[in-house]
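Given next are the chains, with one letter for each unit.
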Amino acid sequence: MTMQALPSGAPHTVWTEKTSWIDSVPRAVSMTLLFVAFILFWTALTWSSVVSPIILPSPAETLKQIIYVGHNLLIGDYMLTALYITLQEVFYSFLLALFLGFSLGILVGETIFGERAVMPYLVALDTMPKVAFAPIFIAWLGFGIESKVALATFIAAFPIIVGTAAGLHSADENSRMLFKTMGASRFQTLLKMKLPMGMPQFFTGLKIGTVGVMAGAITGEFLGGGKGFGELIRVASTNLNTARVFALIIFLSLIGLSLYLLVGWLQRRLVFWQKSGLLGDGF
Amino acid sequence: MSLQSSEQENSGAEGRPVFVLEQVSKHFPRRNVHALDRVNLTMREGRFYSVIGSSGCGKSTLLKIMAGLQPPSSGSVMLEGKPVLGPRHDIGMMFQQATLLPWRTTLENVVLPIEIRDGKSAALAAHEKAQKLLTLVGLTGFESVYPSELSGGMAQRAAICRMLISEPSVLLLDEPFSALDELTREFMNMELQRICMERKATAFLVTHSIPEAVILSDNVFVMSSRPGRFVEEIVVNLPRPRTLSMLTSPEFGELVDRIRKNLDAQSFL
Chain A
6 MTMQALPSGA
16 PHTVWTEKTS
26 WIDSVPRAVS
36 MTLLFVAFIL
46 FWTALTWSSV
56 VSPIILPSPA
66 ETLKQIIYVG
76 HNLLIGDYML
86 TALYITLQEV
96 FYSFLLALFL
106 GFSLGILVGE
116 TIFGERAVMP
126 YLVALDTMPK
136 VAFAPIFIAW
146 LGFGIESKVA
156 LATFIAAFPI
166 IVGTAAGLHS
176 ADENSRMLFK
186 TMGASRFQTL
196 LKMKLPMGMP
206 QFFTGLKIGT
216 VGVMAGAITG
226 EFLGGGKGFG
236 ELIRVASTNL
246 NTARVFALII
256 FLSLIGLSLY
266 LLVGWLQRRL
276 VFWQKSGLLG
286 DGF
Chain B
-19 MSLQSSEQEN
-9 SGAEGRPVFV
1 LEQVSKHFPR
11 RNVHALDRVN
21 LTMREGRFYS
31 VIGSSGCGKS
41 TLLKIMAGLQ
51 PPSSGSVMLE
61 GKPVLGPRHD
71 IGMMFQQATL
81 LPWRTTLENV
91 VLPIEIRDGK
101 SAALAAHEKA
111 QKLLTLVGLT
121 GFESVYPSEL
131 SGGMAQRAAI
141 CRMLISEPSV
151 LLLDEPFSAL
161 DELTREFMNM
171 ELQRICMERK
181 ATAFLVTHSI
191 PEAVILSDNV
201 FVMSSRPGRF
211 VEEIVVNLPR
221 PRTLSMLTSP
231 EFGELVDRIR
241 KNLDAQSFL
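As given, the protein sequences belong to chains A and B, one line each in that order.
Following the numbering used here, the numbering of the first sequence begins with 6 at its first residue and continues without gaps.
Following the numbering used here, the numbering of the second sequence begins with -19 at its first residue and continues without gaps.
Hints listed in this document are in silico derivations from the structure and should not be mistaken for laboratory results.
Glycine included, every Cβ here is placed at the ideal spot set by N, Cα and C.
Wrong hints could be hidden among the right ones.
For each label pair, taking beta carbons as the anchor points, the in silico distance ranges come out as [stated by the list, open to error]:
no.: 1; chain 1: A; residue 1: 144; chain 2: B; residue 2: 12; range: 30 to 36 angstroms
no.: 2; chain 1: A; residue 1: 132; chain 2: B; residue 2: 70; range: 50 to 56 angstroms
no.: 3; chain 1: B; residue 1: 102; chain 2: A; residue 2: 140; range: 25 to 31 angstroms
no.: 4; chain 1: B; residue 1: 50; chain 2: A; residue 2: 133; range: 41 to 47 angstroms
no.: 5; chain 1: B; residue 1: 100; chain 2: A; residue 2: 191; range: 14 to 20 angstroms
no.: 6; chain 1: B; residue 1: 124; chain 2: A; residue 2: 130; range: 19 to 25 angstroms
DMTMM-like, lysine to aspartate or glutamate: derived pairs with alpha carbons at most 20 angstroms apart [to be verified]:
no.: 7; chain 1: A; residue 1: 185; chain 2: B; residue 2: 147
no.: 8; chain 1: A; residue 1: 185; chain 2: B; residue 2: 171
no.: 9; chain 1: B; residue 1: 112; chain 2: B; residue 2: 147
Here chain B stands alone, though its shape is the one from the complex (with noise of 0.2 angstroms):
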C-alpha cells in the first residue's frame, strides 16, 4: 500500500510495479562478508533498470537472489505479488555466454523452456511462437542450424528468444553482450531496446559497461562493494528509441560523468 504514495513521489515512476525487494541483505557467514547490504528496489513495468558496480560488488549475488537461484539472508523478494522462494517461470535470465545446447538446433534451443515446463508436445506446439521471436531478433533462416554454425552475436540472438518464449514477467540480464567484440555490441544493445520496447519488457541488466548501462536504462543504480549498496541512483531522461549517436552527444557524457564520479568515490580495492 506504501507502493502507491511513493509512486506519486518519484517523478520518473510510471506504470504498475512488477519487481519489489525490500531490504534484501546477502551475508555469507563463512568468509564474513556482507554481499548485500539492505538494497530496496521498485522496478515498474515497461522500464529498464541497470546496476553498475566494480567487480565483486555483489551485483551477482544480487542477480542471484532476484533470479530464486539464492536465497537471501534477510528482507523479501516479491515478483507480481508473490515472494521468490526459488526459481520461477515468470523470470527470463541471459548469461555473458549464450549457453546453448550444441546438439539442439536453434528452434529446439529456443523452445527449451517450454520443453522443460510443459513436456515435448508444448514444446513443439511452441514452435510457431519461436519462429516468430526468431524473425523479432533476425535469425530468419537459421532454425534449423546448429549452435557451433552461429556466430557470437548470432547465438547471442537466440538466446534472447529462448529467454522471451515462456512471456517472463521481468527480464535478468547478466552482462549478456560482453563476450562480444565491441562493434557487434552496441549493435546488439540497439537490438535489445527494440526488442525490449516493443514488448514493453521489464529489464534489469547487470554491467561493467557505463556508456551501455545508460544508453539503455531509464534508471542505472551504482553499487558499491563490501558491502554491496545502492549508493546512487540516476534517471536517465534521454528520448526513446535511443540512438548510437546520442553515445557522443553532451547530455549522455554528463550522465556517463556522473555515475564515473560516483564510482570514483568508492575504492577499486
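One chain only, chain A, in its complex shape (with noise of 0.2 angstroms):
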C-alpha cells in the first residue's frame, strides 16, 4: 500500500467530531415536527375513513371539545364543578399517599424491623391488583370522594414508599463511617444525611406516585359513581361523543402534569447539588 500525496499539498490535520443530525435539531424544531406529524397522520387516518368517526374522532371535532369543554370550564358551568370534585380527590390523595409513603418508607428503610417484618406484607399488598380493592372503599367508605382518595392514596404510596427506603439505603459506607465517628446519634445521621442522601430516589418514587394519584382518582370515579372528571369522561363515553371524551382526557392529564411538573420544579430546588441530566424526565 502506498499513499498518495494530496494534490492540494498539505493534508487536512483538523476535524471535526460528528454529531447525528437528527440529534442536532433544536428542542422547540423537534417537538414541533413530531406534534404535527402526529396530527397529520390522525387526519389522515380520519378523512380515509377506515376507522369510523366514534371511534376515532377527527382532530378538527376533538379541537371543537376542547374548546367546548374549555368555556364551560371558565363560566364556571357543571364541568367546573365536576373538576373540583376530580381535584379535591388528586390533593387529598397526594398529600395522603406523600404521608404515608414517606412514613413507612423511614420504617421499612430505617429500621431492621421494617425491613424484615413490614416490607414482606407491603409487597405482598402492591402485588395485588388495586383496582379490585374499589368496590371495598366504596362499602366502607361510599360513593362521596372518601372511596376514591382511598383507591389514589393505595395506588400511589407503594412507590413513595420504595423510593423513600431505597434513598435511605442508597447511602454509602463512607458516609455512614463519618458520622459514626462524629458520634452522630441515629437521628441526626437520618436527618443531616441519609434523608438528604436518599432526596433523587425519594423524588422519582413521587413522580411515580403522582402518575398514580391521577390513575386512582379516576378509576376510583369511574367504579363508584363518582361526580367529577372520570364520571364526565364515563358520560360522554355512553352517549358514544369519542371527541369529548378525548377533550376530557386532555385536561385531565393537563392537571397529571402540572402536578407533575411541581414535583419536578420542588426536586430541583431541594436537590440542587443533583446533577440535573441525571433527572432524565426531559424536563
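Put the complex together from the two separate chains, hints included.
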C-alpha cells in the first residue's frame, strides 16, 4: 500500500466530531415537528374513513370539544364543579400518599424490624391488583370522594414507600462511617445525611406516585359513581361522544402534568446538588 | 506506670503517650479469621505513625478498633487515659474518599462535626475557626463553594479541615490520598506534614505505599496478615521538615528497602 499525496499539498489535519443530524435539531423544532406529524397522521386516518368517527373522531372535532370543555370550565358551569371534585380527590390523595409513603418508607428503610417484618407484607399488598379494592373502599367509605381518595392513595403510596426506603439505603459506607466517628445519633444521621442523600430516589418514587394519584382518582370515579371528571368521561363515552372523551382526557392530562412539573420543580429546588441530566425525565 | 520505664528504653520516643493499645486482638468467629493478634502500640504526642501491609492484613480492622467503630475481641485501647468504648469526639478521622456532603458548602462541611456535637448555633460560632483552617490548607475563597466544584485534592483538604475543627487528640488516616493522582498525592503528603507539624498533631496513617509511609512518619510498623500483627517497627530519623527531594536520598532508599524486605518476607497469598 502506498500513500498518495493530496493534490493540494498539505494534508487535512483539522477535523470535527460528527453529531447525528437528528440530535442537532433544536428542541422546539423537533417537538413541533413530532406534534404536526402526529396530527397529520391522525387527520389522514380519519379522512380515509378506515375508522368510524365514533371510534376515532377527527382532530377538528376534538378541537371543537376542547374549546367547548374549556368554555364550560371558564364560565363556571357543571364541568368546573366536576373538575373541582376531581382536583380535591387528587389533592387529598397526593398529601395522604406523601405522608403515608414517606413515613412507611422511613420505617422500612431505617429499621431492621421494618425491613424484615413490614416490607414483605407491603410487597404482598403491592402485587395485588389495587383496582380490585375499589368495591371494598366504596363499601367502607361510601360513594363520596373518600372512597376515591382511598383508592388513589392506595395506588400512589407504594412507589413513594419504595423510593424513600431505597433512598435511605443509598447512603454510602464512607458517609455512614463518617457520621459514626463524629458520634452522631441515629436521628442526626437520618436527618443530616440519609434523608438528603436519598432525596433523588424519593423524588423518583414521588413522581411515579403522582401519576398513580391521577389514575387512582379517575378509576375510582369510573367504578364508584363519582361526580368528577371521570364521571364526565364515563357519560360522554356512554353517549358515544368520543371527541368529548378525548377533550376531557386532554384536560385531565394537564392536571397530571402540572402536578408532575410541580414535583419536578420541588426536586430541582431541594436536590439542587444533583446533576440535572440525571433526572432523566426531559424537563 | 510501666509506660514511664519504656519511655527511657525507646530512643525514638519522647513526649506523653496519647494512644495506648495493649494486646489488642480481633477474631471473627464466623469466618474463623484472626484479623489482629496481640497488637501493642503506644503513640506519643506530636509523633506520626504509619502501618503498612498488604491488603486484608487487618489494617482497617485495627483502625476501626482505634476509632471505636468496632470492639476488640480482647485487649485494651486507651486514649488520653480513658478506654475507647465507642466513637469519641477527640478522635479525628479521614478516609480514602473526602466524603463531603454535596448539599453543604465547603464551610458548612467543615463545621459539620461541631454541628453534630453541639448543635447549629455552635456550628455558626465555629465559622471563624473553620475559616482559619481553610486558610491553613490553602482553600481561602472556596468557603461557599459546593463540593461538586472542588477537585479531588481540594476536597481532601476540606476533609482535613473537617477532621481538625473539633481539635482531636489523635488523627486516624485511612489511606487518605490514595484516590488522588501521584503528583497531587506527593504534594498533599507535604501539606499534611506541614499541617501536622504546625498543630503538633499525633497521627496514625494506614497506607499501601512504602515511600508515603517513610516520608511522613517517625515510626513505621510493618504488619503481617492472618493473623495481623506488627512484625517490625522502623524508626525514621530523617530530619524535619521532610522534602520531596529526600525521596531520592540514600538514607530514604535504605529505609524503603528495609520495609520492603520485611513485606517480602511474608506471603502475599
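Hint-by-hint comparison with the structure:
Roughly 59 angstroms separates the CB atoms of residue 144 of chain A and residue 12 of chain B, a value that falls outside the hinted 30 to 36 angstroms. Taking the beta carbon of each, residue 132 of chain A and residue 70 of chain B are about 51 angstroms apart, inside 50 to 56 angstroms as hinted. Between residue 102 of chain B and residue 140 of chain A the C-beta distance comes to about 58 angstroms, which lies outside the given range of 25 to 31 angstroms. For residue 50 of chain B and residue 133 of chain A, the Cβ-Cβ distance of about 43 angstroms falls inside the hinted range of 41 to 47 angstroms, so the restraint holds.
With their beta carbons about 19 angstroms apart, residue 100 of chain B and residue 191 of chain A fall inside the hinted range of 14 to 20 angstroms. With their beta carbons about 46 angstroms apart, residue 124 of chain B and residue 130 of chain A fall outside the hinted range of 19 to 25 angstroms. Restraint check for residue 185 of chain A and residue 147 of chain B: satisfied, since their Cα atoms lie roughly 17 angstroms apart, inside the 20 angstroms limit. Between residue 185 of chain A and residue 171 of chain B the CA atoms are separated by roughly 27 angstroms; this puts the pair beyond 20 angstroms, and the hint is violated.
For the hint linking residue 112 of chain B to residue 147 of chain B, the alpha-carbon distance of about 13 angstroms falls within 20 angstroms, and the restraint holds.
Checked against the numbered hints above, the structure breaks hints 1, 3, 6, 8 and satisfies the rest.
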